[in-house]
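Asks: Given next are the chains, with one letter for each unit.
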Amino acid sequence: MDAGKLDALKEELAGHGLEATVSHGLLVLELEPGALPETAQKLRTALGFDLLLDVTAVDWPQREPRFDVVWHFYSTRRFQRVRLRVKVGAADPQVDTLTGLYGSAHYMERECHDMYGIRFRGNPDLRPILLYEGFEGHPLRKDYPKHREQPLVPYRK
Amino acid sequence: MNADLKKPAPPLEYVTTRKDEIIGWARKFSLFPYPFVTACCAMEFMSVSSTPYDTDRFGAALPRFSPRQSDLLMVVGTVTHKQAPVLRRVYEQMCEPKWVMAFGVCATSGGFYQNYAALPGIDKIIPVDVYIPGCPPRPEMVIDGIMQLQDRIARSRHPIVNDRF
Amino acid sequence: MSFELPNPIRPAFTEPTDDSHVIVNIGPSHPATHGTIQIVTELDGEKVVRTDVHCGYLHRGFEKECESHTWHTLIPYVDRLNYCSALINNFAYCGTVETLMGIEITPRCRYLRTLLAEYARLADHLTCIAASLMELGAMTAFLYLVTIRDYIYEHMADVTGARVTHSYGRIGGLAHDLPAGWLERLGQILGQYEDFVGRVHGLMDRNRIFIDRTRDVGVLTPQQAINWGFTGPILRSTGVPRDLRKDTPYLAYAELDFEVPVGIKGDNYDRYFVRMREMDESVHMIHQLMDMLPGGPVTVDDRRCVLPDKQLVYSEIESLINHFKLIIDGPQVPAGECYVAHESANGELGFYIVSDGSGTPCKVHVRAPSFVHMGGAHLMLDGYQLADIVPTFGSINMIGGECDR
Chain A
1 MDAGKLDALK EELAGHGLEA TVSHGLLVLE LEPGALPETA QKLRTALGFD
51 LLLDVTAVDW PQREPRFDVV WHFYSTRRFQ RVRLRVKVGA ADPQVDTLTG
101 LYGSAHYMER ECHDMYGIRF RGNPDLRPIL LYEGFEGHPL RKDYPKHREQ
151 PLVPYRK
Chain B
158 MNADLKKPAP PLEYVTTRKD EIIGWARKFS LFPYPFVTAC CAMEFMSVSS
208 TPYDTDRFGA ALPRFSPRQS DLLMVVGTVT HKQAPVLRRV YEQMCEPKWV
258 MAFGVCATSG GFYQNYAALP GIDKIIPVDV YIPGCPPRPE MVIDGIMQLQ
308 DRIARSRHPI VNDRF
Chain C
323 MSFELPNPIR PAFTEPTDDS HVIVNIGPSH PATHGTIQIV TELDGEKVVR
373 TDVHCGYLHR GFEKECESHT WHTLIPYVDR LNYCSALINN FAYCGTVETL
423 MGIEITPRCR YLRTLLAEYA RLADHLTCIA ASLMELGAMT AFLYLVTIRD
473 YIYEHMADVT GARVTHSYGR IGGLAHDLPA GWLERLGQIL GQYEDFVGRV
523 HGLMDRNRIF IDRTRDVGVL TPQQAINWGF TGPILRSTGV PRDLRKDTPY
573 LAYAELDFEV PVGIKGDNYD RYFVRMREMD ESVHMIHQLM DMLPGGPVTV
623 DDRRCVLPDK QLVYSEIESL INHFKLIIDG PQVPAGECYV AHESANGELG
673 FYIVSDGSGT PCKVHVRAPS FVHMGGAHLM LDGYQLADIV PTFGSINMIG
723 GECDR
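Which chain is which? The protein sequence lines are A, B and C, in order.
Start counting the first sequence at 1; every next residue gets the next number (our numbering).
Start counting the second sequence at 158; every next residue gets the next number (our numbering).
Start counting the third sequence at 323; every next residue gets the next number (our numbering).
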């Protein structure tokens, strides 16, 4: 990824976020939670980032706000990548959904909700996707012990 | 005196063992597997079903994708807790006689997925006859497992009419 | 014993929209769902009105497992993501960690990784096409393609030690170098590949039944494809010529001469043909790489991640401590995060890793193409016949390990 082009992109997105850095070949933009829909809209319509690659979260239990929700975008015309990051606290982990802009957001937001418990306001369908009905807890949080199983079928003797 | 010792063995026992041998021979060479395929072991299952390893030589070639029509449940790959009710239902739908083969180390014991999601071995929910370890097992190991199962079928009792004959 | 078996999912709809419609469950244990996908369909006769695709039956907790292993010992877990082409996963993961650590791999490693990635892509496409053709009834084509795939597996076992899940990539290079005579056998296998695939072309390409079953079935438009996150052969079959190997070249792809095949309509036939052509391009690339392979070491000489030589471990105290630290604590990856994507057989396979500076990862996330494709699968299933679900699903090449992780 050309560093010069990424710097130009950084200029175009200036003012949208708290902090913009270029790291390992892509542009990382740190945002306020409220700025997400507008920035995503600009990325898609004005700047041509038409592919939403990934939605995930990172759990930092010692830190407040606890979760980093991370989106990765790709532009099929500029061949560049952008990472958006929003910090949300553990008390009320919710962000806005991007399902209105990108169809791929449906499943990815469902998975993020399943694994971390982040609610996506406006996503019509947040049913468990990788886990099953009746599973309590969010396994990828650091306080969920890895070995705690919740079997659906009782074990034979 | 022990008059019982002089009595000849009841002829029924001879007939029963011969019957068991014939039926065991027929059953072991006409296994209808139900490939309950989930994960990476499926690649080796595809390899062992086709050239050059070929389960058709053992009569175990034709997979029957309905549990009502099959007698060998091959659980190929990891079974997770989400999949466990499905496996249990498929097992219960199969008619007697039925055998279960745990194909791969994930089906045997959970493999190296010892966490909240994977069932630590399918024998926690259904009885298993043959365990084939390996991640994934080489086709030769699978064939060895099928042959061991065939020995087991040949040696076992096959009551047909009632539970003695 | 009989007890009520719980239903692990909550379907999106349980009542049909019309009295004459039927809701049919194509369950997770099904020959044509390639493992573990459940499709709840509402049918109007034979026509599919709407579908609800459920994945997650193979969720094995990959990310949670990774958090309790070192950066090295989680390489076997990475293999089992897209188990049809395990080496691509290895190299994508190792490339991501190397980017975060700032390691430059040796030239021989770069070319070898490219060669083996293309070889693995070949195995993956062979598996996908073989399985989807078998589901349409073309058993002969399945047997031809699986025979070649078996030669490839045995050949890979010669270099990596395992047939399917190779675990051959290492942070900083590869496990070991090629054995003697490996490249000669590679040439032979590629010759046999031409022969077998030529026969499959002869059987399938102009086959009336095959064309009737796959042409104009499962159509995806380019706008839908990009909006719903499709990448890889599915995106290319709609006519969009995007390929990470050409657009943002990595490893040795910038030096290779290859084309990016695209389809015209985005239907099942195009997906089949795009994969067949991609296999030919892979073979062309492998031939070029066989001539380009330089000599030299295959692992970089970096003590942060590469185990020292055994002789040194037994004789010097520094190497002993280094070896011990690398095994027990794992390579110390500097704090930070990194996202690197490779073009896998299914599309953009990305690894997003977050490190807190220690030898065990804070997070290893896979951007799995199959998972995103499942999100858009309903676009290709709704409105077609029930029997069309089988070829469409086969052409998506959903790999359970990658989809559910």
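Simulated from the structure, these hints should not be mistaken for lab results.
Careful: at least some of the hints might be erroneous.
List time: in silico DSS-like cross-link candidates among lysine-lysine, alpha-carbon distance up to 27 Å [said to hold, decoys possible]:
hint, chain 1, residue 1, chain 2, residue 2
1, A, 87, A, 146
2, A, 142, A, 157
3, C, 568, C, 587
4, C, 587, A, 146
5, A, 5, A, 42
6, A, 10, A, 87
7, B, 176, B, 281
8, A, 87, A, 157
9, A, 142, A, 87
10, C, 369, A, 5
11, A, 146, B, 281
12, A, 157, B, 176
13, C, 587, C, 369
14, A, 142, C, 587
15, B, 281, A, 157
16, A, 10, C, 568
17, A, 42, A, 10
18, C, 647, C, 632
19, B, 281, B, 255
The following residues of chain A were derived to be distant from chain C, with all beta-carbon distances above 12 Å [what the hints assert, rightly or not]:
hint, residue
20, 4
21, 8
22, 20
23, 57
24, 77
25, 85
26, 96
27, 103
28, 125
29, 128
In silico contact screen, one side only, chain B against chain C (beta carbon under 7 Å); selected entries [claimed, not checked]:
hint, residue
30, 223
31, 240
32, 252
33, 272
For glycine and all other residues, C-beta sits at the position ideal for the given N, C-alpha and C.
Asks: Are the hints correct? Go through all of them and say.
Replies: Hints, one by one, checked against the model:
{"no.": "1", "hint": "A:87 <-> A:146", "verdict": "holds (25 Å)"}
{"no.": "2", "hint": "A:142 <-> A:157", "verdict": "violated (32 Å)"}
{"no.": "3", "hint": "C:568 <-> C:587", "verdict": "holds (22 Å)"}
{"no.": "4", "hint": "C:587 <-> A:146", "verdict": "violated (46 Å)"}
{"no.": "5", "hint": "A:5 <-> A:42", "verdict": "holds (18 Å)"}
{"no.": "6", "hint": "A:10 <-> A:87", "verdict": "holds (20 Å)"}
{"no.": "7", "hint": "B:176 <-> B:281", "verdict": "violated (34 Å)"}
{"no.": "8", "hint": "A:87 <-> A:157", "verdict": "violated (47 Å)"}
{"no.": "9", "hint": "A:142 <-> A:87", "verdict": "holds (16 Å)"}
{"no.": "10", "hint": "C:369 <-> A:5", "verdict": "violated (49 Å)"}
{"no.": "11", "hint": "A:146 <-> B:281", "verdict": "holds (19 Å)"}
{"no.": "12", "hint": "A:157 <-> B:176", "verdict": "violated (34 Å)"}
{"no.": "13", "hint": "C:587 <-> C:369", "verdict": "holds (21 Å)"}
{"no.": "14", "hint": "A:142 <-> C:587", "verdict": "violated (46 Å)"}
{"no.": "15", "hint": "B:281 <-> A:157", "verdict": "holds (8 Å)"}
{"no.": "16", "hint": "A:10 <-> C:568", "verdict": "holds (25 Å)"}
{"no.": "17", "hint": "A:42 <-> A:10", "verdict": "holds (13 Å)"}
{"no.": "18", "hint": "C:647 <-> C:632", "verdict": "holds (15 Å)"}
{"no.": "19", "hint": "B:281 <-> B:255", "verdict": "holds (17 Å)"}
{"no.": "20", "hint": "4", "verdict": "holds (15 Å)"}
{"no.": "21", "hint": "8", "verdict": "holds (17 Å)"}
{"no.": "22", "hint": "20", "verdict": "holds (15 Å)"}
{"no.": "23", "hint": "57", "verdict": "violated (9 Å)"}
{"no.": "24", "hint": "77", "verdict": "violated (10 Å)"}
{"no.": "25", "hint": "85", "verdict": "violated (9 Å)"}
{"no.": "26", "hint": "96", "verdict": "holds (18 Å)"}
{"no.": "27", "hint": "103", "verdict": "violated (4 Å)"}
{"no.": "28", "hint": "125", "verdict": "violated (7 Å)"}
{"no.": "29", "hint": "128", "verdict": "violated (7 Å)"}
{"no.": "30", "hint": "223", "verdict": "violated (10 Å)"}
{"no.": "31", "hint": "240", "verdict": "holds (5 Å)"}
{"no.": "32", "hint": "252", "verdict": "violated (16 Å)"}
{"no.": "33", "hint": "272", "verdict": "holds (4 Å)"}
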